[in-house]
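Peer 1: Protein chains in written order, with my numbering: chain P, 40 to 349; chain L, 379 to 487.
Source of the hints: derived by calculation from the structure; they are not laboratory data.
The beta carbon of each residue, even a glycine, is placed where N, CA and C say it ideally should be.
If a hint is listed, it holds; no wrong ones were tucked in.
Sample of chain P residues lacking proximity to chain L, with all beta carbon distances greater than 12 Å (derived): (1) Val243; (2) Leu284; (3) Gly309.
To be clear about the criterion: a stretch of chain L counts as covered by chain P if any three or more of its residues have a C-beta under 8 Å from a C-beta of chain P, and this derived list gives those stretches: (4) 379 to 391; (5) 402 to 408; (6) 425 to 432; (7) 440 to 447; (8) 456 to 464.
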Amino acid sequence: MTAPLAFDLVLCLLLIGVGLAAVLARDLFAAIVLFIVYGLFVAIGWVRLDAVDVALAEAAIGAGLSGVLLLRAAGLLGQRSEAPAQPPHKRHFGSALPCAAIAAVLALLSLLLPDTIAGLRGPVGENLAATGVGNSVTAVLLDFRGYDTLLETVVLFAALVGVWSLTPDQLWGGRPGLKEHARIDGVLTSFGRLLPPVGLMIGVYLVWIGADAPGGAFQAGTVLASVWMLAIMAGLVDAPPVSRLRLRLAVAVGPLLFLAVASAGLFTGGFLVIPAAQAKTIILAIEAALTLSIAVTLALLVMGRPRRPA
Amino acid sequence: MTAPVLYGLCGAALVGIGLYGLVAGADLLRRILGFNVVGSGVFLYFGSLAARHPTLAVDPVPQAMIITGIVVALAGTALAVAIAIRLHDETATTRPPGNAENRDARDLR
Numbered sequence: 040m041t042a043p044l045a046f047d048l049v050l051c052l053l054l055i056g057v058g059l060a061a062v063l064a065r066d067l068f069a070a071i072v073l074f075i076v077y078g079l080f081v082a083i084g085w086v087r088l089d090a091v092d093v094a095l096a097e098a099a100i101g102a103g104l105s106g107v108l109l110l111r112a113a114g115l116l117g118q119r120s121e122a123p124a125q126p127p128h129k130r131h132f133g134s135a136l137p138c139a140a141i142a143a144v145l146a147l148l149s150l151l152l153p154d155t156i157a158g159l160r161g162p163v164g165e166n167l168a169a170t171g172v173g174n175s176v177t178a179v180l181l182d183f184r185g186y187d188t189l190l191e192t193v194v195l196f197a198a199l200v201g202v203w204s205l206t207p208d209q210l211w212g213g214r215p216g217l218k219e220h221a222r223i224d225g226v227l228t229s230f231g232r233l234l235p236p237v238g239l240m241i242g243v244y245l246v247w248i249g250a251d252a253p254g255g256a257f258q259a260g261t262v263l264a265s266v267w268m269l270a271i272m273a274g275l276v277d278a279p280p281v282s283r284l285r286l287r288l289a290v291a292v293g294p295l296l297f298l299a300v301a302s303a304g305l306f307t308g309g310f311l312v313i314p315a316a317q318a319k320t321i322i323l324a325i326e327a328a329l330t331l332s333i334a335v336t337l338a339l340l341v342m343g344r345p346r347r348p349a
Numbered sequence: 379m380t381a382p383v384l385y386g387l388c389g390a391a392l393v394g395i396g397l398y399g400l401v402a403g404a405d406l407l408r409r410i411l412g413f414n415v416v417g418s419g420v421f422l423y424f425g426s427l428a429a430r431h432p433t434l435a436v437d438p439v440p441q442a443m444i445i446t447g448i449v450v451a452l453a454g455t456a457l458a459v460a461i462a463i464r465l466h467d468e469t470a471t472t473r474p475p476g477n478a479e480n481r482d483a484r485d486l487r
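Bound-form chain P, shown alone (with noise of 0.2 Å):
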């Protein structure tokens, strides 16, 4: 056996350990901490899987985002609920088994499947120059299954009205989440001063260098997302009430600025053909503009509904 595939052997087996014991876990923290550890491995297998893009997206939204998201829910329900502790789970050997039986279906297909699948990366290297990016995925993103991408971001709208249509009536507009209050001489309060800056500077790095290197709006949106939640979770600036004008323009700039473009597109080829000689620009400009609309949209969804009013 040689050494690289030791490597992902052990990583397979560490995925396996920390995602059975984040699934096992007696305490509901500790369950959440374990399943953000698994999702940094999960980054690193697709490193090594040579899928930097997906990793990027991986370690920021699997790992990073819904961390964030499942413990604050756990302080919300955690602060107000006396209820007993959490038991472990209640060991069921009748859904273990079927569960296991779909887990041995899948390997056995996993090791039945050729081990050479050519897929489309004949097709796609082929028409990668018309599409003015170098980065292929970006290019199959914004361009060859754009629609992919159009409606992607049109589910990440229609969660956001989702979850704030949960919000009370006396509540709606108000401001997301509770007040926030850090110590002013806090380790919180610090690196919210110290990291918007170089997290600002990265987010936009990555939108631009996503056109021909891994990179692109999802991973910059997020790192985006999470700058403007620390410098909120830090107490420095406040959440802003979910009815002003300004953020919801944001939210909606990127969808509707790409749905403008495929639109457009029915004049000069079809909807979503985007043409090839301003290729790069028109792509650069939908990334930019999805980029703000999807931090935007997942902060205020990592944020939750109104809980306090404007």
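Guided by the hints, dock chain L onto chain P, whose structure is given.
Peer 2: Frame of chain P; chain L shown alone:
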């Protein structure tokens, strides 16, 4: 055995583990966590198929679809968490409705 096959097997195991968390989790947050483990298992399985080539780089189309999937999973998670919190506001529990312990907790209240 090659690395993609190994990650495919790992993805299959993670789907099983996550499914168990999804059906057997004692409260809704744990079930949401299990749902996310299923998601990353499916993505790893799919991504390992995209890497099955001895010489060429990873197929970009599955990669793009996985990135889309990760974002959609987060949107679903955020909505599910918001619904769980609202359920907690209304009933002071995050146990799934219909659970026997859940009915006990409501009686105590």
